[in-house]
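Colleague: Here is how the chains run, residue by residue.
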Amino acid sequence: MPDNRNLSYAEAISEGLKEAMAHDDSVFIMGQGISDPSSYWGTTAGIIDQFGVDRVMEMPVAENGMVGIAVGAAMSGQRPVICLHRVEFSLLAIEQIVNNAAKAHYVSNGVHRSPLVIRMVVGRGWGQGPEHAQSLESVFSHFPGLKVIMPTFPDDAKGMLIAAIQDDNPVIMIENRWLHYVNGNVDEGLYLKPLDGPRVIAEGTDVTLVATSYMTLEAMRAADYLREIGCSVEVVDLRVIRPLNLEPVFESVRKTGHLVTIDSGWVTYGVGSEIVASVAENCFSSLKAPPLRLGPPDHPTPSSRGLIADYYPNDVKIIKAVERLLQLDGEKVRGLLDAAIERNKQLPIDVADPFFKGPF
Amino acid sequence: MLETSLSEQAEMLREMLRIRLVEEAIVDRYGENEMRCPVHLSIGQEGVAVGVSAALRREDKVFSTHRAHAHYLAKGGSLKKMLAEIYGKAEGCVGGRGGSMHLMDPDEGFVAGIPIVSSGIPLAVGSALADKRTRKDNVTVTFFGDASVEEGVFHESMNFAALHKLPVLFVCEQNLYSVYTPLRERQPDRPLSDLARGHAMNILSGNGNDVEEVYALSTEAVEKARNGDGPSFLLFDTYRWREHCGPNYDNHLGYRSEQEFQEWRALCPVENYRNKLLASKCLQPGQEETWAAEIDAEISEAFEFARSAPLPDIESASLFTYA
Ligand SMILES: Cc1ncc(C[n+]2csc(CCOP(=O)(O)OP(=O)(O)O)c2C)c(N)n1
Ligand SMILES: [Mg+2]
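In order, the protein sequence lines correspond to chains A and B.
With the working numbering, you'll find the first sequence wraps up at 849, consecutive numbering, no jumps.
With the working numbering, you'll find the second sequence wraps up at 849, consecutive numbering, no jumps.
None of these hints come from the bench; they were simulated from the model.
The model shown is predicted, which means the values in this text are computed figures rather than measured ones.
Don't take each hint at face value.
[Claimed, not checked] Computed from the model, here is a short list of chain B residues facing chain A with C-beta under 10 Å:
| id | residue |
| --- | --- |
| 1 | Leu543 |
| 2 | Ser674 |
| 3 | Tyr781 |
| 4 | Phe831 |
| 5 | Pro838 |
[Unchecked claim] Listed below are several chain A residues computed to face chain B (Cβ distance under 8 Å; list not exhaustive):
| id | residue |
| --- | --- |
| 6 | His621 |
| 7 | His788 |
| 8 | Gln835 |
[Unchecked claim] With beta-carbon atoms standing in for the labels, derived distance ranges:
| id | chain 1 | residue 1 | chain 2 | residue 2 | range |
| --- | --- | --- | --- | --- | --- |
| 9 | B | Pro708 | A | Lys744 | 54 to 62 Å |
| 10 | A | Asp787 | B | Lys691 | 36 to 44 Å |
| 11 | B | Pro714 | A | Asp787 | 23 to 31 Å |
| 12 | B | Lys802 | A | Gly554 | 36 to 44 Å |
C-beta: ideal position from N, C-alpha, C; glycine also.
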């Protein structure tokens, strides 16, 4: 039996769903067009054939009601997984998520549980515009009682999804749709990747980059560039946004003394802000310079490629941030930047970068 | 039924033809990858947009959805600015900020296309509330699809509109599908109009592919609304010809049958109305060709405008975050 196979992130999710369903009869899926030919970018492909309509339920366009129904079913021992094509559609259901799902256990003095998973997709690219491309992880991460996960790599996508389904708490899983095309080695069968916190995915001694989801790939690429000029970059993939375990980040910052956070959501009140605040509280004396937070500018996400050209953080912006933070030799950095800028110029701004297809 | 004058008939046919040709021109050019945003085309559904708009005044207001091209154009929205918006250009109706899913031309009464399902419905009710409070005799229309009625806010909005007898028309375009999912997989078998009955609405239903019928029913509802006799729910059966989002046909995917499509194709709102007007001698032979030539010229000019317009200045991206 091959112990690792190259799968796309989307395939890994579909495998994770199937394994979790086969393992436990109480798991069922709901989504709009759950059995349709587009199969949520392939992430639900083949599931209806295997499990039938009783466990793969079509969901009316009624997010608030349906999430509430899932919470009620979860309180009665079921393990529903709701799939939403966009993060934004969950906003209709925020009441159920925040008031019922997140608090069922607490307010019942530990009697009730609401083990449901809500998958939501960040619709970056192709002119999606202000209401179909938002990264709203910090919204959900505000609430005690919710778990929020953002896997970056296929093996995590599968293993963390299974762990989320088996978790006794409500878990929000946020997927950047550009990650669906990323490839990597994924183990066969049922396995769990614990929802325990960040992973150091590249070791270094000069600066710590902490990123989530698609931004982790940008951070890795920036780290690769910087390594060429002898700058040693540690990259931390945050993975679990709530509950937030920042021990590995503190450890890294104690080593490097420099911190850059990279969000795909807005900086103000964002994930990076939380990290910087915690680092300041916990390892202030290790910091050799004030940390930097990267994220999109403080305005909604426009549709036009003209307006979006400079919107998202990328390798170039990360390199520049590190240059500023470490006061690197501008001459040396220029070469890297020129290469990165030149490369990015060859690519359209609004479709997934093929470089990130992996395999990772 | 209301008599439709000759000039009104001609106007409606011409407008349906115009919308059809615009959408087909988008189809022809979408593959160039210069229109870099999702497009939800209205081909097959022109009858509803045109029939309803024909019953409105310029000051009357319209809210729409992700599928807004026909509603926008029928209400008088600028074609050039619509195409420029789809091309992501500075001259677009919202300066490239929104794309096809966020069309707006408030000067013509097309207040907004809102792409979150049902999200525009309460806005239309609010617009009607504002008009009532300021004693204007405008009417507001909210267009939406058959999936919208599944959202809670649809019911909340109807309840309030009926309670306060607000001058608003709830226009449901029942095209049998939400993306790939047929109605029967999303709702129990019951007339959609029963939903409005539960909210004590005035209910009118008809053939959405018959523009005269749409016009007659809309006129009745508009008069009621203007006279302070409250809102109406209008249910129109129609059919989207092409894929939910994008320029192609997709019957081969199997979520609906080629036969079903062909049956609706035969009920083409434009073709059937043309034939009807020709048969009754209300349309002179050759007239349509003349229109088509005029419209083609208008479309070419508008595409030229949209293509050659500059992309918006990146410096402007942060403008208007706050008023
Ligand atoms: C709240 C919300 N949920 C889901 C979607 C995704 N979505 C976009 S269009 C659409 C189908 C809507 O169907 P219908 O209202 O019948 O309009 P049609 O597309 O048929 O014109 C869906 C589900 C959305 N935009 N907003
Ligand atoms: Mg529909």
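Colleague: Using the nearest Cβ pair, does B/Leu543 come within less than 10 Å of chain A?
Modeller: This interface hint is violated because 28 Å lies over the 10 Å limit.
Colleague: Is it true that the C-beta distance of B/Lys802 to A/Gly554 lies inside 36 to 44 Å, as the hint says?
Modeller: Since the Cβ atoms of B/Lys802 and A/Gly554 sit about 43 Å apart, the hinted range of 36 to 44 Å holds.
Colleague: Regarding the hint that B/Ser674 lies at the interface with chain A, is the smallest CB-CB distance below 10 Å?
Modeller: Given a least distance of 7 Å, the restraint on B/Ser674 holds.
Colleague: Honestly, do A/Asp787 and B/Lys691 meet the 36 to 44 Å range at C-beta?
Modeller: Taking Cβ atoms as reference, A/Asp787 and B/Lys691 lie about 42 Å apart, which means the hint holds.
Colleague: With chain A as the partner, please determine if B/Phe831 meets the hint condition of a C-beta pair closer than 10 Å.
Modeller: 16 Å, violated
Colleague: Would the hint on A/His621 be counted as holding, given a Cβ-Cβ threshold of 8 Å to chain B?
Modeller: Since chain B brings a Cβ to about 7 Å from A/His621, closer than 8 Å, the hint holds.
Colleague: Is the hinted range of 23 to 31 Å satisfied by the C-beta distance from B/Pro714 to A/Asp787?
Modeller: For A/Asp787 against B/Pro714, whose Cβ atoms are near 46 Å apart, the range 23 to 31 Å is violated.
Colleague: Go through the hint on A/Gln835 and say holds or violated, using the shortest Cβ distance to chain B against 8 Å.
Modeller: 15 Å, violated
Colleague: Range hint 54 to 62 Å: satisfied by the CB atoms of B/Pro708 and A/Lys744?
Modeller: 58 Å, holds
Colleague: Is the interface hint satisfied for B/Tyr781? The criterion is a beta-carbon contact with chain A at less than 10 Å.
Modeller: Holds, about 6 Å.
Colleague: Does B/Pro838 meet its interface restraint, that is, does its C-beta lie within less than 10 Å of any C-beta in chain A?
Modeller: With a closest approach of 5 Å, the B/Pro838 hint holds.
Colleague: Under 8 Å, Cβ to Cβ, is where A/His788 needs to be relative to chain B, so tell me if that hint holds or is violated.
Modeller: Constraint on A/His788 satisfied, holds at 4 Å.
When held up to the earlier numbered hints, the structure conflicts with 1, 4, 8 and 11 and fits the remainder.
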